[in-house]
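Respectively, the protein sequence lines represent chains D and X. So that you can map any letter, position 23 of the first sequence is 23 in our numbering, and since no number is skipped, the others follow by simple counting. So that you can map any letter, position 134 of the second sequence is 134 in our numbering, and since no number is skipped, the others follow by simple counting.
Just so you know, the hints here were simulated from the structure itself, not pulled from any lab data. These numbers come from a predicted model, not from an experiment. A few of these clues could be false.
[As the list claims (entries may be wrong)] In silico PhoX-like cross-links for lysine-lysine, where the CA-CA straight-line distance does not exceed 20 Å:
#	chain 1	residue 1	chain 2	residue 2
1	D	Lys29	X	Lys70
2	D	Lys33	X	Lys237
3	D	Lys34	X	Lys59
4	X	Lys35	D	Lys33
5	D	Lys46	D	Lys33
6	X	Lys70	D	Lys26
7	X	Lys59	D	Lys26
What follows is the residue order along each chain.
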Amino acid sequence: MKKIKIKVNGKLKTINRNVNLSILIKNLKIQLKKVAIEVNGEIVDKKKLNRIILKNNDRIEVVHFIGGG
Amino acid sequence: MVKLTKDNLVIANKRFNSRLIVGTGKYKNMSDCAKAIKLSGAEIVTVAVRRVNITDKKKPLLMDYIDPKKITYLPNTAGCFNSKEALRTLRLAREIGGWKLVKLEVLGDKKNLFPEMIETLKSTEILTKEGFKVMVYCNDDPLMAKRLENSGASAIMPLAAPIGSGLGILNKVNIKIIRSQTKLPLIIDAGLGQASDAVMAMELGCDGVLVNTAIAKAKKPFDMALAFKHAVISGRKSFLSGRIEKTLMGSPSSPNEGII
């Protein structure tokens, strides 16, 4: 199976082709209710992650709240 | 019997008992942060939006220490230097869990951390149109405060002094002028150094204060959290009590009548 390269929070990752965003988030063990996700600069609906099939060179950002002023 | 009226802080139709808002940054660890917040009595805390650490899963999460169901999270755009970055940050914050009450902070200079007011004003307009309730960090300029109000801000939050400087309120006159011209919640944000600064802010008629560094970086953060809690209550009571006139000469506290 051919692999694709994506960036998650600035870090390069090689993953299988035809993987959807929901699977990626699960594999990263991220608690969905505590984060927001962007794909290539666009915020995505957390309820529809399984509809987003990751493509080569996709940039994923996963953010959450941390301590700040 | 005298009926005591509730003196709540009301922001965007939400009522809060405490007039102290605290930041959650700069603490030694998350448990210290949570303890200081508890002692401060604050019901609103500012939080930052940052990347999830995908390599270190054991890193403690803010939400595990401070329950967003009990304490209102106020997502903040600290670290943003233009409107685009600030809008992106707050849209993401909303997506995390429906947060609409937010703090907008667009900085203009990395050294003095003064707000970039043109970008701030622009962002306030856009965010308000998108349904956000925007509490706006701003300079202590009454004209700009008015423009923010006209742009739909939910609270005006002028600085006392540069962020983290601990200098206290540098321009009392401007704060008073802003107070006199607006009915919006007026909250002093940034630059306070000690509890008496918070008393002064409240005595000037502000509705609340936002403190981070002064508590987090005090030698004893827990004691300082408590000090700020009482300072805000004290200053508010003092403001509402109607202070005496200042006079040049003395006026004895004991009656002259019956002196032996």
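Exercise for review: State the violated hints by number, sorted upward, taking the hints as numbered earlier in the document.
Suggested key: 1, 2, 4, 6
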